[in-house]
Amino acid sequence: MAAFNNTDLAAFRGVWVFCEQRGGKLMPTDFELISEGRKLADELGTEVCGVLLGDGVEGIAKELGGYGADRVYVCESPRLKDYTTDAYAKLICDLVMEKKPEVLLIGASNIGRDLGPRMAARLHTGLTADCTHLDVDVSKYIEFLRESSTIDLTTQKFNMEDRNLKMTRPAFGGHLMATIICPRFRPCMSTVRPGVMKKAPFDQAKADACIIEKPAFSLQDSDLRTEVLEVVKATRQMVDLAGAKVVVSVGRGISKDVQKGIALAEELAEVLGGVVGGSRATTDAGWLTADYQVGQTGKTVRPKIYIALGISGAIQHIAGMQDSECIIAVNKNDTAPIFEVADYGIAGDLFKVVPLMIEEFRRVTAK
Amino acid sequence: MDFTLSREHEMLRRMYREFAETEVKPLAAEVDEEERFPEETVRKMGKLGMMGIYFPKEYGGAGADVLAYAMCVEELAKVCGTTAVVVSAHTSLCSAPIYEHGTEEQKRKYLPKLCSGEWLGAFGLTEPNAGTDASGQQTTAVLDGDHWVINGSKIFITNAAYADVFVIFAMTDRKQGTRGISAFIIERNFPGFSVGKHEKKMGIRGSSTCELIMEDCIVPKENLLGDLGFGFKIALQTLDGGRIGIAAQALGLGEGAVEETIKYTKERVQFGKRLSQFQNTQFQIADMHTRMQAAQYLTYAAACKKQACQSYSIDAAMAKLFAAEAASDVARRAVQLFGGYGYTRDYPVERMMRDAKITEIYEGTSEAQRMVIAANLQVK
Amino acid sequence: MKIIVCVKQVPDTTGKVAVNPDGTLNRASMPAIINPDDKNAVEAALQIKDQTGCKIVVVSMGPPPAESMLRELLAMGADEAVLVCGREFGGSDTFATSQILAGAINKIGLENDDLVFCGRQAIDGDTAQVGPQIAEKLNLPQISYVADIQLGKGEVICRRMLEDGYMTVRAKTPCLLTCIKELNMPRYMSVAGVMDCYCKPLCVFNYDTLKDDPLIEPDTIGLKGSPTNIFKSFTPPQKGVGTMLEGADRAACAKLADSLAEKHIV
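Protein chains in written order, with our numbering: chain U, 17 to 383; chain Z, 2 to 381; chain W, 469 to 734.
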């Protein structure tokens, strides 16, 4: 573990993005990070470089240019086909020590969160995990605080010349946000939460102009201390109610067309990546089996999103879902008790509202 | 007088609580509704040492104390009256008399498997004509060479259909009255032994409560427990210990009812206010909590006295008397505070009320406890 | 053979968390618990102990109250506990923490057939960095997101989870594994375990204990040894009263979808 002089901050320039590929395909988050990297690089007055490792992946590199990468370093070898910590960490660290980027962004996937800390330790630098917001410019950061925090900005002092990357991320299970800086070492490393950064529009001209560079590297079998025996893709699995991130529940309000009501809930759940649940009325009536029931005598759920369709909000139901992060309710009766716990309420006929909801959610998740 | 619990007791309470919330509570409604004996829970409890808490390690116990055992029954009862009595009857009424009165061979044969939960225990004293007046034993035991022949029946036996080992009482010499009663250890596979019909009960519905039938039941000579004619004394001493278990069960039921009531009254809104904001609710809950806290002190005191080998008969009787009547009262008030919803099976308080009632009756009715207390005070 | 398990005592952030009027977290509102992933790591070690009779050493860097957590792990079945505790260690970020824990593991001693287990991520810091960084500093191969462990002769074969499937990965011992909740169901403390846990050895490593290790210098630990600093911390605005959307038409649905997208809820 040779240390390299990474305290001479001025010697480090460039925003690098580790571009993860699996099975020869780039991950969607790579485009998000290149786009975000482009914004940061523009503020820093420097270039964006993608770093792509794999076997026979040169062909997919140019696409990264379309989102703002000036250059992509591509390293190819059969030993890089499947991810191993040792191979990827060695190659990228060797490259970093040679080229000295100022910032290194990594998508916070299962692989990114394995790779990032190993490299940060080897490079003796700071790594911030699972970031949801990045700023260089201080005035932009202050704007961000104004929108997203309860800090009284009048009491805060800021050094407006500060050019450190300010990396904001959730802690304490999301109850606390922390902005982290790495003031003494470079590169400043960050794993970035997938699906948060905005992907820039694709520009074919930029893609064509992107430089593909294939640096020399050394990788022996003896460098790899783990062996990948197989890679298995999962078949569609049963998601259970208690672990679901999104629950779309139906209640007595679907009685006029039970099949259609459940079908709408299933479609809405699918768009949002969730599962269907039901109030006690639906399980008593036999529309859903007992394992779908949310409530006092059913299951207690705490998903990110809970959508209650045609559910009045009797106390036994509320008891099973009141700690959901975001509660959306649709009910014909605008005085239904469910609206007292909902974050968003729509007073209307779910058979008319839900198809529209499905379309609108499809639109925003398609980005 | 230091009322703080030791760090081990605090840790045990946390473990019991987590186990009760995670493993026992989710099954409680089903156990009650379907009258289902919680077999899988007993296996899990056995693995953790909860079926032999205060017996020494040399006999397979966990090496803790009577207080730790009472706390276990208490935490279980907070979420399920049935599961609590399974542990209590097994420990206090079967393992305890074998431990306290058994020969070394009997202890080594029965205790390790009872403590690990591999075997479940039960106690057979009550007969159709011998309830509170337990002395009128009609079950007989006659010595025939190297074995006893036992004839008779027992009723209302807890754990019956699932127990492997039974401590049974029978008349060996009618002419001696209560000094003619002896105790025996009977295994379920002894010839002539069978378990009869299951009682349909108001509460603790998952508890297996059945008749035991002994028809020329052959019991090896070495299974006499304690001395000949000493059985009634063993029964009474055993029931003294059992009272601590039932007091703990009642304690847990009452405490569970108070917890559920506080939770519910903080959510339920009527007349534009949470129920918990009404003074009636506050006063009721204050009373309920105070009664259960008093019950806890009585129960823990009795447990500590037994552990210290001090005379504890009156303490156990007071604890059971008070805790049982308090639990019944508290559970009833809980249902009342829940209103209509509390009367339905959507909420656990109606089950707690049904479960609490039996604590005033079995292992010595409240009236019997009063007799014991008055007798101990020499009021005659 | 022994297994060293790194554990952390954390506030329970999964229940109700209270926020102070000044916007800081009310730490007292969160009871202290064993980090859930770490419990899975300890359980994995205990299952191997059940099969092989190996020794389990649990190590934690934390303030003195962390001792009660270590006692709980001893009550679960661990054999020895080490608390790494010292004023000098305070203020450490993940880099400095992993440095200190690596020093502690060196002091405990790592043989060729030993294993190091960590929970994947702590529920307070939420970084998932300490495990891999310890592995780097001890020069051990690492396998993270472990959902299954098969022990062979001088090696482990693990199922390493990906978002959409898994990899089966082999590594020689000694190596470091980070464990996730899918790995197992942690056992409870047993009654006998609780009665014995205060008799099992628990020792405290402070700065003096570790200072001779090359990894441990005044500038490699604590704030001085931390490449990252906290610039600002804040609580997100609290959930207020809900919004009734106007109308029950496409416009209302569009507003709903846009609002959720903006807040990154979808």
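Among the hints, a few may not be true.
What the hints assert, rightly or not - In silico DSS-like links for lysine-lysine, alpha-carbon gap of 25 Å or less:
{"hint": "1", "chain 1": "Z", "residue 1": "26", "chain 2": "Z", "residue 2": "358"}
{"hint": "2", "chain 1": "W", "residue 1": "692", "chain 2": "U", "residue 2": "156"}
{"hint": "3", "chain 1": "U", "residue 1": "215", "chain 2": "U", "residue 2": "320"}
{"hint": "4", "chain 1": "U", "residue 1": "215", "chain 2": "W", "residue 2": "621"}
{"hint": "5", "chain 1": "U", "residue 1": "261", "chain 2": "W", "residue 2": "679"}
{"hint": "6", "chain 1": "W", "residue 1": "649", "chain 2": "Z", "residue 2": "45"}
{"hint": "7", "chain 1": "W", "residue 1": "640", "chain 2": "Z", "residue 2": "58"}
{"hint": "8", "chain 1": "W", "residue 1": "731", "chain 2": "U", "residue 2": "156"}
{"hint": "9", "chain 1": "W", "residue 1": "692", "chain 2": "U", "residue 2": "173"}
{"hint": "10", "chain 1": "U", "residue 1": "368", "chain 2": "W", "residue 2": "523"}
{"hint": "11", "chain 1": "W", "residue 1": "649", "chain 2": "Z", "residue 2": "48"}
{"hint": "12", "chain 1": "U", "residue 1": "106", "chain 2": "W", "residue 2": "700"}
{"hint": "13", "chain 1": "U", "residue 1": "116", "chain 2": "W", "residue 2": "692"}
{"hint": "14", "chain 1": "Z", "residue 1": "48", "chain 2": "W", "residue 2": "700"}
{"hint": "15", "chain 1": "W", "residue 1": "523", "chain 2": "W", "residue 2": "621"}
{"hint": "16", "chain 1": "U", "residue 1": "315", "chain 2": "Z", "residue 2": "45"}
{"hint": "17", "chain 1": "Z", "residue 1": "26", "chain 2": "W", "residue 2": "621"}
{"hint": "18", "chain 1": "U", "residue 1": "116", "chain 2": "U", "residue 2": "230"}
{"hint": "19", "chain 1": "W", "residue 1": "517", "chain 2": "Z", "residue 2": "114"}
{"hint": "20", "chain 1": "U", "residue 1": "214", "chain 2": "W", "residue 2": "640"}
{"hint": "21", "chain 1": "W", "residue 1": "731", "chain 2": "U", "residue 2": "214"}
{"hint": "22", "chain 1": "U", "residue 1": "315", "chain 2": "W", "residue 2": "523"}
{"hint": "23", "chain 1": "U", "residue 1": "320", "chain 2": "W", "residue 2": "640"}
{"hint": "24", "chain 1": "Z", "residue 1": "114", "chain 2": "Z", "residue 2": "45"}
{"hint": "25", "chain 1": "W", "residue 1": "523", "chain 2": "U", "residue 2": "348"}
{"hint": "26", "chain 1": "U", "residue 1": "55", "chain 2": "W", "residue 2": "731"}
{"hint": "27", "chain 1": "Z", "residue 1": "358", "chain 2": "U", "residue 2": "315"}
{"hint": "28", "chain 1": "U", "residue 1": "215", "chain 2": "W", "residue 2": "723"}
The set of hints was computed from the structure by calculation and includes no laboratory data.
Keep in mind it's a predicted model, so treat the numbers as computed, not measured.
Hints and how they fare:
1. Z:26 <-> Z:358: holds, 20 Å
2. W:692 <-> U:156: At roughly 29 Å apart (the allowed maximum being 25 Å), residue 156 (chain U) and residue 692 (chain W) break the hint.
3. U:215 <-> U:320: holds, 23 Å
4. U:215 <-> W:621: violated, 48 Å
5. U:261 <-> W:679: violated, 46 Å
6. W:649 <-> Z:45: holds, 21 Å
7. W:640 <-> Z:58: Measuring from Cα to Cα gives roughly 40 Å; hence the hint is violated.
8. W:731 <-> U:156: Given pair residue 731 (chain W), residue 156 (chain U) holds - Cα atoms ~18 Å apart, limit 25 Å.
9. W:692 <-> U:173: Holds. Residue 692 (chain W) to residue 173 (chain U) sits at ~24 Å (cutoff 25 Å).
10. U:368 <-> W:523: violated, 64 Å
11. W:649 <-> Z:48: holds, 22 Å
12. U:106 <-> W:700: violated, 33 Å
13. U:116 <-> W:692: holds, 23 Å
14. Z:48 <-> W:700: The given pair, whose Cα atoms are some 49 Å apart, is violated under the 25 Å limit.
15. W:523 <-> W:621: holds, 17 Å
16. U:315 <-> Z:45: Holds: residue 315 (chain U) and residue 45 (chain Z) sit about 23 Å apart, inside 25 Å.
17. Z:26 <-> W:621: This hinted pair is violated, its Cα atoms lying about 43 Å apart.
18. U:116 <-> U:230: holds, 17 Å
19. W:517 <-> Z:114: holds, 24 Å
20. U:214 <-> W:640: violated, 41 Å
21. W:731 <-> U:214: holds, 13 Å
22. U:315 <-> W:523: Measuring from Cα to Cα gives roughly 40 Å; hence the hint is violated.
23. U:320 <-> W:640: Violated. Residue 320 (chain U) to residue 640 (chain W) sits at ~40 Å, over the 25 Å cutoff.
24. Z:114 <-> Z:45: Status holds; Cα separation ~14 Å.
25. W:523 <-> U:348: The given pair, whose Cα atoms are some 63 Å apart, is violated under the 25 Å limit.
26. U:55 <-> W:731: Between residue 55 (chain U) and residue 731 (chain W) the Cα gap is close to 20 Å, so the pair holds against 25 Å.
27. Z:358 <-> U:315: The hint is violated at about 29 Å.
28. U:215 <-> W:723: holds, 21 Å
Violation of the numbered hints given earlier is confined to hints 2, 4, 5, 7, 10, 12, 14, 17, 20, 22, 23, 25, 27; the remaining hints are satisfied by the structure.
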